[in-house]
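Asks: Spelled out, the chains give:
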Amino acid sequence: QKEVEQNSGPLSVPEGAIASLNCTYSDRVSQSFFWYRQYSGKSPELIMSIYSNGDKEDGRFTAQLNKASQYVSLLIRDSQPSDSATYLCAVNMFGSSASKIIFGSGTRLSIRP
Amino acid sequence: DGGITQSPKYLFRKEGQNVTLSCEQNLNHDAMYWYRQDPGQGLRLIYYSQIVNDFQKGDIAEGYSVSREKKESFPLTVTSAQKNPTAFYLCASSITGGPRDTQYFGPGTRLTVL
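Quick mapping for you: the protein sequence lines, in order, are chains A and B. In this text, residue positions in the first sequence follow our numbering: the first is 1, and each later residue adds one. In this text, residue positions in the second sequence follow our numbering: the first is 114, and each later residue adds one.
Pulled out of the complex, with its shape left as it was, chain B reads as follows (with noise of 0.2 Å):
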């Protein structure tokens, strides 16, 4: 079965920690994205990558990491600069990266900070 695969689904994390969640995908897309959902509201790009080794900084970077060192798998570290991690995350691929490509999701991570 082709598809993205996020892990885990529910993850808890205490003040000052640092977590990663996981997003694999088998589609044989070259571009990946993470984006977060908070309630009520729309999409926002964390970080984008269209190539291994490469990825660039969407609109709201500051307190998360990433990497791509492998064209299916694309982790996203959650630091504890981030001040208000609380929220879905989405991992998303795509073909090329290119303007008419279609984005697919994966399942998604809901995080809670305690």
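Chain A with its partners taken away, still in its complex shape (with noise of 0.2 Å):
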């Protein structure tokens, strides 16, 4: 089993809907929890970190999180063809410094006009 897992997609959703993209983790003591926009052949960008159970919400990016489930999650609302790119979860494993950090593989999202 993978440390942090992603279906690795094309998820393709209609513009104007909602894109919800999942990610699961092994690690019971994961502490923290990073959503990252990545386009093709760039470098990762942060779009929202989370650390505690429920939701948190950013403009149109709300990241769920759920440490029971070991399950972090990323909607966006109102998806326009600029959110097409591959989104990557990132996950602080064991609860210890940044250098921990696992990436998952990432969700490849494809917003149809």
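Simulated from the structure, these hints should not be mistaken for laboratory data. None of these values were measured; they are calculated from a predicted model. Any given hint could turn out to be false.
[To be verified] Beta-carbon label-pair distances, calculated as ranges:
| no. | chain 1 | residue 1 | chain 2 | residue 2 | range |
| --- | --- | --- | --- | --- | --- |
| 1 | B | Pro121 | A | Glu45 | 39 to 45 Å |
| 2 | A | Gly16 | B | Lys196 | 43 to 49 Å |
| 3 | B | Ile173 | A | Ser26 | 27 to 33 Å |
| 4 | A | Gly16 | B | Ser193 | 51 to 57 Å |
[To be verified] Derived lysine-lysine pairs resembling DSS-like cross-links, with alpha carbons at most 30 Å apart:
| no. | chain 1 | residue 1 | chain 2 | residue 2 |
| --- | --- | --- | --- | --- |
| 5 | B | Lys183 | A | Lys2 |
| 6 | B | Lys170 | A | Lys2 |
| 7 | A | Lys42 | B | Lys170 |
| 8 | A | Lys2 | A | Lys67 |
| 9 | B | Lys170 | A | Lys100 |
| 10 | B | Lys122 | A | Lys42 |
| 11 | B | Lys196 | A | Lys100 |
| 12 | B | Lys122 | B | Lys196 |
| 13 | A | Lys56 | A | Lys67 |
| 14 | B | Lys127 | B | Lys170 |
| 15 | B | Lys183 | B | Lys170 |
| 16 | A | Lys2 | B | Lys184 |
| 17 | B | Lys184 | A | Lys42 |
| 18 | A | Lys100 | B | Lys122 |
| 19 | A | Lys42 | B | Lys196 |
We put the beta carbon where it would ideally sit given N, CA and C, even for glycine.
Since each chain comes alone in its own frame, lean on the hints to assemble the complex.
Replies: Pasting the structure below:
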């Protein structure tokens, strides 16, 4: 079992709809969770970090964390063509230093007009 | 403008050559990291450093070397011992390297072995 798992996609969502991206992780003591967006050929850019159970909203983005189920998700409301990218889930395993962040292999999201 | 710079953007290496990738940050971050990304895969940690003159191996350090002589700089050398070096290399930094730190990435260097 991979430490951080994501569906590779592609996930195709119509423009204006809600895109839902999911991530599961294996380590129960993980404390820090991150979502990065990566456009083709570019470096990852941080969208959201979340540390506590529940929802965290920032503009059109909502991160949801359920530590009991070892599950973190990212919702993108009112999806735009510019949201088409690969989304990387990252989890700080073992609750230790930032060097223990494990990245998932990413979900490719395509927003169709 | 604060940020992380990497150079060159593209690098071509002949087999048997060592090459050095540059990473500089002016964010005053203590911690710096090097990752490798292969197509369709997540990022894998090569080396990291939380303080000047100290660094630790990540998951895939074989065939790579680093130095951290200045807080701002963390160059990565890809040696001839690295058997499959063609990849996208990403440098990142974070404030202290603590468990809640967010890592910020440079633009990356794409290395191709000819």
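Asks: Does the alpha-carbon distance linking Lys56 of chain A and Lys67 of chain A stay inside the 30 Å limit?
Replies: 14 Å, holds
Asks: Tell me if the straight-line CA distance from Lys183 of chain B to Lys170 of chain B falls inside 30 Å.
Replies: 18 Å, holds
Asks: The hint says 43 to 49 Å between Gly16 of chain A and Lys196 of chain B; measuring C-beta to C-beta, is that right?
Replies: 47 Å, holds
Asks: Taken at face value, is the distance from the CA of Lys122 of chain B to the CA of Lys100 of chain A at most 30 Å?
Replies: 27 Å, holds
Asks: For the pair we were handed, Lys42 of chain A and Lys196 of chain B, check the Cα-Cα distance against 30 Å.
Replies: 24 Å, holds
Asks: Range first: 39 to 45 Å. Now tell me if the beta carbons of Pro121 of chain B and Glu45 of chain A are that far apart.
Replies: Given range 39 to 45 Å: violated, Cβ gap about 21 Å.
Asks: With a cut-off of 30 Å on the C-alpha distance, tell me whether Lys122 of chain B and Lys42 of chain A pass.
Replies: Holds, because 11 Å separates the two Cα atoms, which is no more than 30 Å.
Asks: Is Lys122 of chain B within 30 Å of Lys196 of chain B, Cα to Cα?
Replies: 21 Å, holds
Asks: Does 27 to 33 Å hold as the CB distance between Ile173 of chain B and Ser26 of chain A, or does it fail?
Replies: 19 Å, violated
Asks: Given the hinted pair Lys184 of chain B and Lys42 of chain A, is their Cα-Cα distance within 30 Å?
Replies: 25 Å, holds
Asks: Starting from Lys196 of chain B, check that the Cα of Lys100 of chain A is at most 30 Å away, please.
Replies: Answer holds: Lys196 of chain B to Lys100 of chain A is near 25 Å, not above 30 Å.
Asks: Given the hinted pair Lys42 of chain A and Lys170 of chain B, is their Cα-Cα distance within 30 Å?
Replies: 25 Å, holds
Of the numbered hints stated above, those contradicted by the structure are hints 1, 3, 5 and 16, listed in ascending order.
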